[in-house]
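Just so you know, the protein sequences line up as chains A and B, in that order.
Start counting the first sequence at 1; every next residue gets the next number (this note's numbering).
Start counting the second sequence at 187; every next residue gets the next number (this note's numbering).
Worth flagging that the hints you see were computed from the coordinates, not collected in a lab.
In this text the structure is predicted, and so the values were computed from the model without any measurement.
Note that CB positions come from ideal geometry on N, CA and C, so glycine has one too.
Keep in mind that a hint or two might mislead.
[To be verified] Which residues of chain A face chain B? A partial, calculated answer using Cβ under 7 Å:
#1 Pro171
#2 Pro173
#3 Glu176
#4 Trp180
#5 Asn183
[What the hints assert, rightly or not] Straight-line C-alpha distance at most 30 Å; calculated BS3-like pairs for lysine-lysine:
#6 Lys80/A with Lys199/B
#7 Lys375/B with Lys79/A
#8 Lys552/B with Lys111/A
#9 Lys379/B with Lys80/A
#10 Lys375/B with Lys81/A
#11 Lys555/B with Lys595/B
#12 Lys374/B with Lys79/A
#13 Lys79/A with Lys552/B
#14 Lys375/B with Lys10/A
#15 Lys156/A with Lys199/B
#16 Lys80/A with Lys375/B
#17 Lys439/B with Lys156/A
#18 Lys79/A with Lys379/B
#19 Lys555/B with Lys111/A
[Stated by the list, open to error] Stretch by stretch, here's where chain B covers chain A in the computed footprint (C-beta under 8 Å, at least three residues):
#20 22–31
#21 35–48
#22 93–101
#23 134–143
The lines below spell out each chain.
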Amino acid sequence: MTDQAHNGEKVAWTEQELAEIEEIASRYPSRRSAMLPVLWMAQHKFGWLSLPVLELVAETVGVPPSEARAVASFYTMLKKKPTGRYVLQVCHTLSCALNGAEEIIRHIESKYDFDENGNTPDGLFTLERVECLASCGSGPMMQVGEHYYERLTPEKVDEILAGFESGEPLPTPRPEADEWQWNLQS
Amino acid sequence: MAMEPSILTSRWKIPDAHRIDVAMKHGAWATLPAALKMAPGEITQVVKDSGLRGRGGAGFPTGVKWGFVPPPEKRNGKPVYLVCNADESEPGTFKDRYLMWKDPHMFLEGIVISAYAIGAKAAYIYLRGEFGFVRRRVDEAIAEARAKGFIGRNILGSGVDVEVYTHLGAGAYICGEETALLSSLEGKKGQPKLKPPFPAVEGAWRAPTIVNNVETMAAVTWIVGHGAAAYREFGTEKSPGTKLLSVSGHVLKPGVYEIDMGIPMMDFIMDTAGGLRPGRKLKAVVPGGSSVPIMTPDEVARATIDYESIHEVSGSYLGSGGMIVMDDTTDLAEGLANLLRFYAHESCGQCTPCREGTGWMFRILKRVKEGRATDVDLATLKNLADNIHSKTICFFGASAAMPVQSWLKKFPDEFFGRVHRTGKVGYADVGAEPPGGDKPGGTTQAAK
Numbered sequence: 001m002t003d004q005a006h007n008g009e010k011v012a013w014t015e016q017e018l019a020e021i022e023e024i025a026s027r028y029p030s031r032r033s034a035m036l037p038v039l040w041m042a043q044h045k046f047g048w049l050s051l052p053v054l055e056l057v058a059e060t061v062g063v064p065p066s067e068a069r070a071v072a073s074f075y076t077m078l079k080k081k082p083t084g085r086y087v088l089q090v091c092h093t094l095s096c097a098l099n100g101a102e103e104i105i106r107h108i109e110s111k112y113d114f115d116e117n118g119n120t121p122d123g124l125f126t127l128e129r130v131e132c133l134a135s136c137g138s139g140p141m142m143q144v145g146e147h148y149y150e151r152l153t154p155e156k157v158d159e160i161l162a163g164f165e166s167g168e169p170l171p172t173p174r175p176e177a178d179e180w181q182w183n184l185q186s
Numbered sequence: 187m188a189m190e191p192s193i194l195t196s197r198w199k200i201p202d203a204h205r206i207d208v209a210m211k212h213g214a215w216a217t218l219p220a221a222l223k224m225a226p227g228e229i230t231q232v233v234k235d236s237g238l239r240g241r242g243g244a245g246f247p248t249g250v251k252w253g254f255v256p257p258p259e260k261r262n263g264k265p266v267y268l269v270c271n272a273d274e275s276e277p278g279t280f281k282d283r284y285l286m287w288k289d290p291h292m293f294l295e296g297i298v299i300s301a302y303a304i305g306a307k308a309a310y311i312y313l314r315g316e317f318g319f320v321r322r323r324v325d326e327a328i329a330e331a332r333a334k335g336f337i338g339r340n341i342l343g344s345g346v347d348v349e350v351y352t353h354l355g356a357g358a359y360i361c362g363e364e365t366a367l368l369s370s371l372e373g374k375k376g377q378p379k380l381k382p383p384f385p386a387v388e389g390a391w392r393a394p395t396i397v398n399n400v401e402t403m404a405a406v407t408w409i410v411g412h413g414a415a416a417y418r419e420f421g422t423e424k425s426p427g428t429k430l431l432s433v434s435g436h437v438l439k440p441g442v443y444e445i446d447m448g449i450p451m452m453d454f455i456m457d458t459a460g461g462l463r464p465g466r467k468l469k470a471v472v473p474g475g476s477s478v479p480i481m482t483p484d485e486v487a488r489a490t491i492d493y494e495s496i497h498e499v500s501g502s503y504l505g506s507g508g509m510i511v512m513d514d515t516t517d518l519a520e521g522l523a524n525l526l527r528f529y530a531h532e533s534c535g536q537c538t539p540c541r542e543g544t545g546w547m548f549r550i551l552k553r554v555k556e557g558r559a560t561d562v563d564l565a566t567l568k569n570l571a572d573n574i575h576s577k578t579i580c581f582f583g584a585s586a587a588m589p590v591q592s593w594l595k596k597f598p599d600e601f602f603g604r605v606h607r608t609g610k611v612g613y614a615d616v617g618a619e620p621p622g623g624d625k626p627g628g629t630t631q632a633a634k
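With the rest of the complex left out, here is chain B:
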């Protein structure tokens, strides 16, 4: 088993590392003074050179995103805002919660450095409503950092001002979507907006706003402190660095792991995450939060954990790094019904395909699970998913459609075996290989 890197989690094992005095003995806030001596553009360049990609799920290059903030003469006198997305609500994902709980100074330092780099004087950390206890800890850390002169006016005598505030949501998955998050921050219903304009150009209060994930902010601290080349010693060429994975489901050592990107996925599950319970076999893995397509054991065996390999091998995504492992005791019809209940509950209701379609898909899956559906319902299910994906304002529609499309395609037996067969609908109608096919997935998978 490869040694696990520890650049974002280096202080997690130190007792009371959430306290600034303890954290500072182990390197916290040592990067900020040097960063303030750099020009903002130089910091952006280091982050660009590092190849850091947004760790919230989309994987967009962070430095490139920062580069979209218009220059001062094109801002109509508007300020720039930094918003840290701590809404962590994607099922299977719990890395940011531990990052903020164990070592809040790691990401706070990144927030101040990033705010300076993009020219923001105010940064807002938007935490999901259930994270009240995390918010208290982050607020304490902010107060400690302010007392030391790392946050507030004229930071360390540099003339740079950065205020950092926490803002608590109130229970809405969609607020993790950046434009919905900004609507919520503005005191409105958390409903997404059409892009463009992108938030970097017109975001919170119609001013240029950069929205970055908690883990991304922590990575910025390390990258600015150690340099882009040092960061690129981890990971692969296109997926540089380390990634926090949160693994749950049927593994013996669930939890948060920092990994060197590019390691074999099967080794991670079977060794690092403790493997499966005795006598169980791997049935499926959802690698990056509930929204990403499912993977078969064959695909898992061929994939390495990085943005490119997961997609090339399986059509899925690394996403948030929220990995859900399912063994051969799992009823996938029940599992998919569970996820669609989630999406039907969380749809913000703006776009008809999503608002109506998620509920419709859930009701079909509930009937499949209960043995009250026919194969025609499965074709309807596939049709619904195809007509939601990419036909909504935000990515939520696709997030609800991708599980349906991929679970049906890769595990058709799990669904056809549960419905009344009229003979009018075959595997091809749900996008799956016909029975007896020799491609990965489909019935060959279930037969193994």
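Chain A on its own, in the form it takes in the complex:
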């Protein structure tokens, strides 16, 4: 079961990963609690959760494959389809919307040719509208990788995306608005 191809790779854990999984499982009284941590590990390793990957997770955690698929289907951050290299997750919930989230989304949409899954043909970007990311005071904002890009303007978005186009790596994840209060008058 575990040797099925996924993007041309063998779907299996390394010895080191298996040891890590055992350490994680030991934190809980039930092995099943390792489900989300292992799904995360699988997504980081394989890029997205294809059926062979979900079968591997099920086997690792000790549940039927249907259970791993059911759980993965419930959580929006677990990717059931391949994504672009940079997934642009733009918040469009109320506080960000009050401060121009739609303008930011339309701006990004106008820059690239996104298909119905939100992917660009070159595989570089995926655009996702996401719900509140707890950055309401520093919106509009988007998350790319783990990083929070905050107080976005179309110009700032252009700069960030140009960086990605030229192959810049993602920054060490943190919130850009490191301060917890902002004086928008200054």
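Here the structure of chain A is known, so what remains is to put chain B in place on it, guided by the hints.
Just chain B now, with coordinates in the frame of chain A:
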């Protein structure tokens, strides 16, 4: 402007306070040794006496909740667990993220003290999936605290063991609901369970489990360190202490503020939070996260920021302290459609009224926003909300219904002005005062 207290945020302005050496120079982990010399019951009593109420949104007294853990002889040999709710997903709320980012040792110390008080040997911090960067910082802080002997086995030679683990969610608002959070922690879909049994009796892995918010844990550290009486010097009699507010929307100084509970809400918005942009007028405020009822400017002017006043004046709630301020440029039909899109997206799908009703309400509001609805649709909207509220397993249904009910009731013009009038439906059918009424809200509000 009243001076802002700084008991939960005292280290936020200190550079690198997330590092244990820096934090300890400013009081971190100084409370734990004294707490370990107290009996667990004494700590619970101090927290009860402080009047601390859960800071996640429900406002339930923390010490009372702890008291629901069954005594050892009634646990069937089960251990007790502490779970810290760091899922912070309520729109408008971003206080816990900064608390964990700026000063993780403040809430970690509270977690260890609380775990000791309730007899838990393991504590799990459940962070929303998007907080990967916060989780790394908290993990570093846990490792630092473990190296100093504050976390792990035989803490400071006391014989007390407390392990602390972080657990990352994966994108589901409902996991902030405590029984859904526990389902998620168990590796399942994050679907809520019927209460009772309450988690304090039967929670994670069917063992007694206390679920407390991040800010609550930070407050425990201060309360145990300074005493219940000192905490009660802040706030009001029924809402003691300070509260972290996160304010967003149309204010000039959005952000996180620690306030003395009981301060006038209008002063907070107009002074502390920087007020509105020049020439703008206040239209509405959602005071405690998107789920709580909306407030009119009249209500804001009469309310103080505490659990009782907000409810008495407006029927709304302090909730999580996530305050969304909207000025007179706001299209409330669009705003409510935005929120219902959120709730329709986030419904876990277990209960029919919520699963079907949230999507239905969103589709109606989308048509209202686009000018394709009639007044009959508004009555349907109100009817749907009334039939979702309190008819579901968890509070999510009510959380989706309350905005609809309150926005329609208090700002009917915003909605009736956007629909085709058949004449079959009037303001009373959406719970609002008829036009020309002199009660707060309704048309008189919009006319001001």
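Please flag the earlier hints that this structure goes against, numbers listed from lowest up.
Hints 1, 3, 6 contradicted; others consistent.
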